[in-house]
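Enquirer: What follows is each chain in one-letter form.
2 protein chains.
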Amino acid sequence: MEKQTKFVEEITSMDVDFAKWYTDIVKKADLIEYSSVRGCMIIRPYGYAIWENIQKNLDKRFKDTGHENVYMPMFIPESLLQKEKDHVEGFAPEVAWVTHGGSEPLAERMCVRPTSETLFCEHYSNIIHSYRDLPKLYNQWCSVVRWEKTTRPFLRSVEFLWQEGHTAHATKQDAIDETIKMLDVYADFCEQELAIPVLKGKKTDKEKFAGAVETYTIESMMHDGKALQAGTSHYFGDGFAKAFDIQYTDKNNQLQYVHQTSWGVSTRLIGAIIMMHGDDNGLVLPPNIAPIQLVVIPVAMNKPGVVEKATEISEKLKSVVSVKMDDSDKSPGWKFSEYEMKGVPLRLEIGPRDIENNQAVLVRRDTREKTIVSLDDLNEQVLNILSEIQSDMLSRAAKLRENNTYNARSFER
Amino acid sequence: MEKQTKFVEEITSMDVDFAKWYTDIVKKADLIEYSSVRGCMIIRPYGYAIWENIQKNLDKRFKDTGHENVYMPMFIPESLLQKEKDHVEGFAPEVAWVTHGGSEPLAERMCVRPTSETLFCEHYSNIIHSYRDLPKLYNQWCSVVRWEKTTRPFLRSVEFLWQEGHTAHATKQDAIDETIKMLDVYADFCEQELAIPVLKGKKTDKEKFAGAVETYTIESMMHDGKALQAGTSHYFGDGFAKAFDIQYTDKNNQLQYVHQTSWGVSTRLIGAIIMMHGDDNGLVLPPNIAPIQLVVIPVAMNKPGVVEKATEISEKLKSVVSVKMDDSDKSPGWKFSEYEMKGVPLRLEIGPRDIENNQAVLVRRDTREKTIVSLDDLNEQVLNILSEIQSDMLSRAAKLRENNTYNARSFER
Chain A
1 MEKQTKFVEE
11 ITSMDVDFAK
21 WYTDIVKKAD
31 LIEYSSVRGC
41 MIIRPYGYAI
51 WENIQKNLDK
61 RFKDTGHENV
71 YMPMFIPESL
81 LQKEKDHVEG
91 FAPEVAWVTH
101 GGSEPLAERM
111 CVRPTSETLF
121 CEHYSNIIHS
131 YRDLPKLYNQ
141 WCSVVRWEKT
151 TRPFLRSVEF
161 LWQEGHTAHA
171 TKQDAIDETI
181 KMLDVYADFC
191 EQELAIPVLK
201 GKKTDKEKFA
211 GAVETYTIES
221 MMHDGKALQA
231 GTSHYFGDGF
241 AKAFDIQYTD
251 KNNQLQYVHQ
261 TSWGVSTRLI
271 GAIIMMHGDD
281 NGLVLPPNIA
291 PIQLVVIPVA
301 MNKPGVVEKA
311 TEISEKLKSV
321 VSVKMDDSDK
331 SPGWKFSEYE
341 MKGVPLRLEI
351 GPRDIENNQA
361 VLVRRDTREK
371 TIVSLDDLNE
381 QVLNILSEIQ
391 SDMLSRAAKL
401 RENNTYNARS
411 FER
Chain B
414 MEKQTKFVEE
424 ITSMDVDFAK
434 WYTDIVKKAD
444 LIEYSSVRGC
454 MIIRPYGYAI
464 WENIQKNLDK
474 RFKDTGHENV
484 YMPMFIPESL
494 LQKEKDHVEG
504 FAPEVAWVTH
514 GGSEPLAERM
524 CVRPTSETLF
534 CEHYSNIIHS
544 YRDLPKLYNQ
554 WCSVVRWEKT
564 TRPFLRSVEF
574 LWQEGHTAHA
584 TKQDAIDETI
594 KMLDVYADFC
604 EQELAIPVLK
614 GKKTDKEKFA
624 GAVETYTIES
634 MMHDGKALQA
644 GTSHYFGDGF
654 AKAFDIQYTD
664 KNNQLQYVHQ
674 TSWGVSTRLI
684 GAIIMMHGDD
694 NGLVLPPNIA
704 PIQLVVIPVA
714 MNKPGVVEKA
724 TEISEKLKSV
734 VSVKMDDSDK
744 SPGWKFSEYE
754 MKGVPLRLEI
764 GPRDIENNQA
774 VLVRRDTREK
784 TIVSLDDLNE
794 QVLNILSEIQ
804 SDMLSRAAKL
814 RENNTYNARS
824 FER
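Going down the list, the sequences are from chains A and B.
Okay, so the first sequence: first residue is 1 according to our numbering, each after it adds one.
Okay, so the second sequence: first residue is 414 according to our numbering, each after it adds one.
The set of hints was computed from the structure by calculation and includes no laboratory data.
Some hints could be false.
Below, in silico cross-link-like pairs of lysine-lysine (DSSO-like), each with a Cα-Cα straight-line distance of 30 Å or less [claimed, not checked]:
(1) K251(A) with K585(B)
(2) K716(B) with K737(B)
(3) K441(B) with K60(A)
(4) K562(B) with K585(B)
(5) K469(B) with K716(B)
(6) K56(A) with K585(B)
(7) K56(A) with K737(B)
(8) K441(B) with K585(B)
(9) K27(A) with K399(A)
(10) K172(A) with K743(B)
(11) K737(B) with K63(A)
(12) K748(B) with K251(A)
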């Protein structure tokens, strides 16, 4: 039970080399695998399950705020990309160009979408006619491509998964309200589900999204004291509307341009979770987003009744949390390390003596604190501890930021 | 209340021109919109909501049978595509080629995935080492691109959404069992959820998937008496394993090639639903997959208490079915036609006299049968009728096939 060092030896300490520690974790926790496609990653089942949980939670928040999902083409004809001047200048240098279909050269080349403003705008110009058609509150879950030179798993890759919201409104104020509302949805999601406290702010003109009037951002301080942009929400004014001729007839029968927004978060959030909560034993996942919330590890499996009891407990727990039981023939020590590496929030150990005493041992991933609990009220105890872990993770993250925030009155610290 | 002809005039009758009737429906029911991207469609909120329901249901079936979701790159380097000879011959003529990243020509061009066997195989060759690593049961939800010359919404488009399962097994028998199992999952899904009866069969050598030993298919007879392929499941033998060197060490410490399968269904299923169940008034959706299962339409909305009662009923119904209440200022007749066009399975009408009598009128979309029901047991009645609609739709579809099936003993019928 003390062989907790197996994997620990294998990953670089975060204090020695934070970047190396990060890439060690994404590989060892089975989140990604590299592929032979330059700058693209393979998201493995465990990594993808985290993304599915993020998606499910965010998608509900989007629908609760009145948004609908759509799917637009993945290609953008060059002439369409060029319609908004700032936008094309920002994105053209980093797109992948399709020039041939089968053996035929295309009459007009198309890029793989780096973002879909131009497609949504073209669509909006076709379907928005009257004030009755507004607002249009659309969202899309898809993958996008940006031809990045230097890539890092989840943080910056040639292809990544994301969602992009695109909305059109009757008035400037409606669009500004939407921009702020979705920034708030992101901030609340990060804090409540990912246990990542964020600061909201505005980007400088130089850092704004290509084509935006204002770009709002949520940023978070990672374990190495550096900031990571976790999501952005853009107010477009009527710039795209003018470029794409998106007009509607208002109540007074006057033609007006719509006011637009877009907003997005991506698989980069998984990178943020790693860098915010991980430690030298691996990943640490917030319970609200963990694919496995509790792992049951039977100890002394050869003793009669142990596996049966562990199975019984697992089945009972499945009604309240996401459970995995590992009764493989690996050693308990190996399993402890494995699920610590994978960041499973809570571990339940049960052996012959525990069974005798009608109890189990719960070990928190974040603090490694052990609690012995009675099997009689196991479900409630597990729910309580998971909820404690979730809120403690947020507090610790907030404290880290607080401890590393200074009033800068000069260039020295 | 009798103006049910408004939209009816606008769509072509299926007996006059089935193809035109089909494209009328996809547009008028707001399922898709055409885009300026050749052969690519925009899937609108209502169409995408049907796809989300298909996804959710199938994804559960995949997970229940032990499959895990992953995400692979959308690009395939040309040299990787060429590794399996039959496969590249089948797909190379119909792929989109990316030749430039930003302003730089690529050293090696890449295609946008038409299907991902080659990527999965490369990945499997990296992660499969021992018999303990088998089986690998992976699935991917994504979009793929095939450079089709003639396209039709949902049925054949340049880009479409689908899922592709890719599995690797220790033995030939395991792989054959998986191939058949997933064909059965598809068949059961089509019959139970989409109310589409299917015939299972094997493709001829000429029609097999490029690289497969056997291709199994489910085919269904559409309203025009023609067959539509609704899903396929392929047994690969060890052909891909040999081309990609996917070997494992068996229990006797011998190197063995894995045996593989792949299987997929796509947004084409939405096309199948339209052609199987639709009529001259529009779409008819099976309740199990309908984004809106019941629409509440208050009649004589200006009378006191009507909207309030309709709202109260809607709220109650929401606990058991997916409900939309339409209290917009359009006429009841317009609304009747609109939701018939959209294929909403059940319509609830409620007016002042109904309220007086503590009743509501339910109208089935499939048969237009009206039932007057008491408000006291409305929820149960609605559930009963929806379940009846679901099974009646399957029976009618089965009957259509039966009535159009003949023993062919000569070339004359």
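Enquirer: All hints, please: hold or fail.
Expert: So, going through the hints one by one against the coordinates:
| no. | hint | verdict |
| --- | --- | --- |
| 1 | K251(A) with K585(B) | 68 Å, violated |
| 2 | K716(B) with K737(B) | 21 Å, holds |
| 3 | K441(B) with K60(A) | 28 Å, holds |
| 4 | K562(B) with K585(B) | 37 Å, violated |
| 5 | K469(B) with K716(B) | 41 Å, violated |
| 6 | K56(A) with K585(B) | 37 Å, violated |
| 7 | K56(A) with K737(B) | 22 Å, holds |
| 8 | K441(B) with K585(B) | 48 Å, violated |
| 9 | K27(A) with K399(A) | 29 Å, holds |
| 10 | K172(A) with K743(B) | 28 Å, holds |
| 11 | K737(B) with K63(A) | 14 Å, holds |
| 12 | K748(B) with K251(A) | 23 Å, holds |
Going through the hint list in order, the structure does not satisfy hints 1, 4, 5, 6, 8.
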